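Undergrad: Letter by letter, the chains look like this.
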Amino acid sequence: MLRHRKLLFALAALIPVLAIYVWVRIMPIGEILRLSLHKWDIISKNKPFIGLQNFRELLEDDLFQAALLNTAIIAFGVLLITIPLSLGLAALIYHRTRSRFAGFYETAIFIPHVVSLVPAAMAWKWIFDAKLGPLNAVLMKFGLEPQAWLFDPVLSIICIIVLCSWQALGYAVLIYIVGFKNLPHSLYEAARLDGASAFQAFRFLSIPLLKPITLYVSVVTLVSGFNVYAQAFVLASDSQGAPGRQVRVLVMDMLENSFRNYRIGYAASEAVVLLVIVLILTLIQFSLLREKGGKSQ
Amino acid sequence: MSKRSISRLGTTRILAASSALLLTAGSTHAEDLKVWSGFPEMAPFYERVAAELMQQHPDLNITVEAIPLREHEKRIALGVSSGSAGNVIIELANSTATRYLENELFNPAPAPVAEFVTGDGNFSDFFSQGASYQDTVFGVPLFRGQGALFYNTDMFESAGLDAPPATMADYTDYATKLTQRDANGNPEVSGWSLRLSGGGQGIAEKFWINMFQFGGNLVEPAGDGKWQSGVNTEAGLQAFNQYVENVHAQKNVSVEMPADAEAFERQQTAMFIRESWVIGDIAKKSPDLNYATAPLPRGSIALAVNLYVKAEGDAESAAWEFTQMANEPEQLNWMLENIGWLPNRANVDYSAVIEKAPAFAAFMNYPADYEFFTLPAISPVEEVLSRVAAALTDAFADESLAGNSEAQKAILADVDDDINKILKREGLLAD
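Protein chains in written order, with my numbering: chain S, 46 to 342; chain P, 69 to 499.
Think of the hints as simulated: they come from the structure by calculation, not from any bench. Here the structure is a predicted model, which means the values were calculated and not measured. Note that the Cβ used here is the ideal one computed from N, Cα and C, for glycine as well. Incorrect hints may have been included.
To give a feel for the contact side, a few chain S residues facing chain P, derived at Cβ under 10 Å [to be verified]: (1) I87; (2) K90; (3) D107; (4) G133; (5) W171; (6) D174; (7) A175; (8) F196; (9) D197; (10) Q291; (11) R293; (12) N302; (13) S303; (14) R305.
Take a look, some chain P residues computed to stay more than 12 Å from chain S by CB distance [stated by the list, open to error]: (15) Y168; (16) T244; (17) I490.
Work the whole structure out from these sequences, hints included.
TA: If you want it as structure tokens, here you go:
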């Protein structure tokens with residue numbers, strides 16, 4: 046009887062939270078799935094069911110494919126830069142914990158993450174400016190050709206990767222530092238007694254032990270990389286005609302289809318594709334890192 | 069008179085007084101109305117009209133919300149379709165308004181307003197038809213976006229040029245003479261600022277303006293409400309080639325150079341094609357700039373912007389009153405002089421403003437055979453322009469296209485396919 050009551054109490058306590066979760070998390074996903082199967086123009090009265098027509102159109106849509114490719118390059122580019130760099134920086138900062146500059150190092154790395162995105166992107170826009178930017182000034186100082194950073198199809202994507210990595214780095218370093226602080230000291234002492242160098246301890250102890258942290262950081266970084274929008278928008282924005290090359294990314298394409306072209310159903314089908322891609326990649330990351338991470342502990 | 073009848077009379081009086089009080093209370097209840105604009109520079113104009121209307125109706129409260137165009141379009145799409153917009157006057161280009169009219173989301177104009185739009189010679193057929201849908205008036209014309217050439221007279225003088233270019237061939241010749249270059253031959257001050265980059269449909273609109281000078285249109289009517297792409301034509305090729313030639317062959321301008329009105333005001337370009345609002349902008353930001361304007365070789369875009377109403381009850385009446393007050397001669401002259409957008413109303417004397425700012429002459433006193441085009445009033449027009457813009461942005465940056473007309477034709481053929489695909493999907497493509 047008491048057990049039954051406890052179960053009822055647990056259910057009663059959980060139901061409001063679960064209801065909110067379903068309302069704000071599950072239902073919107075279901076709604077997106079439903080929209081993606083309709084010709085749903087934002088203001089039209091007729092919203093007919095068209096099955097998979099939106100998805101078939103996506104297969105032939107050059108702009109969507111360009112957006113998908115750009116987004117994937119940016120997301121993986123940010124991941125490839127952020128994970129090793131943040132792990133290395135976190136290791137350096139952790140091993141300098143006793144330094145009087147330790148606080149400064151942590152703050153300096155973390156600040157980009159808390160700085161508002163738009164002003165930060167505007168600052169980077171100035172840095173990359175072909176005519177007035179300091180980056181080209183430095184290149185010219187060394188006798189190199191100035192580059193049209195924000196206009197070249199390849200360089201403009203690199204600029205977004207740099208900006209996104211700069212922002213993602215602080216958060217990743219912070220999480221890694223927490224991970225480092227929780228590693229067992231005894232293992233490092235044993236390794237030192239066995240004659241392992243600092244690099245070997247890092248390579249053969251820290252990296253495997255930090256796999257759960259790496260899993261978390263890489264999932265968060267990759268998912269946010271696939272959701273990139275504001276960085277691409279700001280780097281190409283201007284009040285008038287000399288803004289920069291608009292790097293088309295998935296979220297931007299969705300917004301354009303929703304509110305410029307009024308095609309909510311079509312944009313929803315893009316969102317479904319994005320959801321599936323992120324889900325698959327997250328599952329792959331989990332399968333690669335979590336199990337082995339568990340064993341290593 | 070009996071006590072009872074006196075009492076009945078008293079009751080009647082009280083009821084009458086109460087009703088009057090209620091009616092008065094009803095009329096003094098503040099009526100809220102919003103004006104949504106997609107041109108931030110228009111805010112002072114609408115505020116001016118609103119202040120005058122509110123003076124006449126103390127119970128009316130009008131707020132003006134002017135934000136950048138793309139955000140404005142999003143808020144209309146969301147606000148009007150969800151019904152959360154409230155009582156609102158909406159400023160919108162007639163090409164964009166079509167899809168709202170197809171779905172009966174804006175109020176039809178009451179008879180006196182419709183009469184104002186279609187009668188008395190207030191507006192030409194071009195504007196009154198643009199404010200109507202299926203023979204019913206829905207909008208009140210206000211202003212238009214019309215292009216003309218802006219050129220820096222000091223730079224023209226230095227280059228030995230004493231008149232504006234008259235043909236499109238002149239434009240390239242002039243640009244070559246006007247470009248100021250560094251020791252390596254790279255442009256430092258562009259001879260002709262072209263819209264080459266950025267997002268949105270502006271790139272396609274500007275391309276269309278140039279293409280029109282060669283006798284073509286990006287999208288052409290084919291009768292029976294059907295349309296077809298006109299980009300893969302001789303006119304399209306000439307316009308496209310002119311861009312490529314100026315950017316890559318002559319190097320009169322580059323993709324990364326400062327451009328548009330801002331560059332013109334800072335003397336970073338010698339000439340460019342833009343709408344009349346630039347006159348007001350120059351007066352504010354660069355009043356000492358020596359410049360002049362000239363009509364384009366063949367004609368211009370005339371993108372009519374109308375005021376539409378989405379409101380109920382007393383607010384609707386006030387909204388229509390606002391649209392007409394905005395079209396009073398005194399208000400329109402103020403708008404022309406202080407904002408720079410061209411009023412659409414025909415039977416108003418603007419000569420005093422043109423005398424003060426002669427740059428308006430190229431927009432108002434154009435040649436008799438000057439032609440106009442506007443964006444087609446079809447629902448996928450934004451999508452067509454956005455897709456053309458995306459293709460053109462990549463193409464303008466491609467140096468290999470210089471002098472390669474086959475490669476240029478291939479790009480135009482792709483753009484042509486894209487446009488026709490959209491038209492077909494929407495059931496608008498001609499057979």
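Undergrad: Take the hints in turn and mark each one as holding or not.
TA: Structure-based check of each hint:
At its closest, the beta carbon of I87/S sits 5 Å from a beta carbon of chain P; the interface hint therefore holds under the 10 Å criterion. Checking K90/S against chain P: minimum C-beta separation of about 6 Å stays under 10 Å; hint holds. Checking D107/S against chain P by beta carbon gives a least distance of about 8 Å; that is within 10 Å, so the hint holds. Among the interface hints, the one on G133/S is violated; its C-beta lies about 35 Å from the nearest C-beta in chain P, farther than the 10 Å criterion.
The closest approach between the C-beta of W171/S and any C-beta of chain P is roughly 13 Å, which is over the 10 Å cut-off, so the hint fails. Here the hint on D174/S is kept, as its CB sits about 9 Å from the closest CB of chain P, short of 10 Å. Interface hint at A175/S: satisfied, since its Cβ lies 4 Å from the closest Cβ of chain P, which is below the 10 Å cut-off. Look at F196/S: its Cβ gets to within about 5 Å of chain P, closer than 10 Å, so that hint holds up.
Annotation: D197/S was flagged as interfacial toward chain P, and the flag holds, the nearest CB pair being 8 Å apart, inside 10 Å. Look at Q291/S: its Cβ gets to within about 4 Å of chain P, closer than 10 Å, so that hint holds up. A least Cβ separation of about 7 Å between R293/S and chain P falls short of the 10 Å threshold, and the interface hint therefore holds. The restraint placing N302/S at the interface with chain P holds, with a minimum CB-CB distance near 8 Å, inside the 10 Å limit.
This hint holds: S303/S has a C-beta 8 Å from the nearest C-beta of chain P, less than the 10 Å allowed. Annotation: R305/S was flagged as interfacial toward chain P, and the flag holds, the nearest CB pair being 5 Å apart, inside 10 Å. A beta-carbon of chain S is positioned within 12 Å of the beta-carbon of Y168/P; the least distance is around 6 Å. Distance to chain S confirms T244/P as a non-interface residue, since its nearest Cβ pair spans about 20 Å, more than 12 Å.
For I490/P, the non-interface assignment is contradicted: its Cβ lies about 9 Å from the closest Cβ of chain S, within the 12 Å cut-off.
Of the hints listed earlier, those the structure fails to meet are numbers 4, 5, 15, 17, in rising order.
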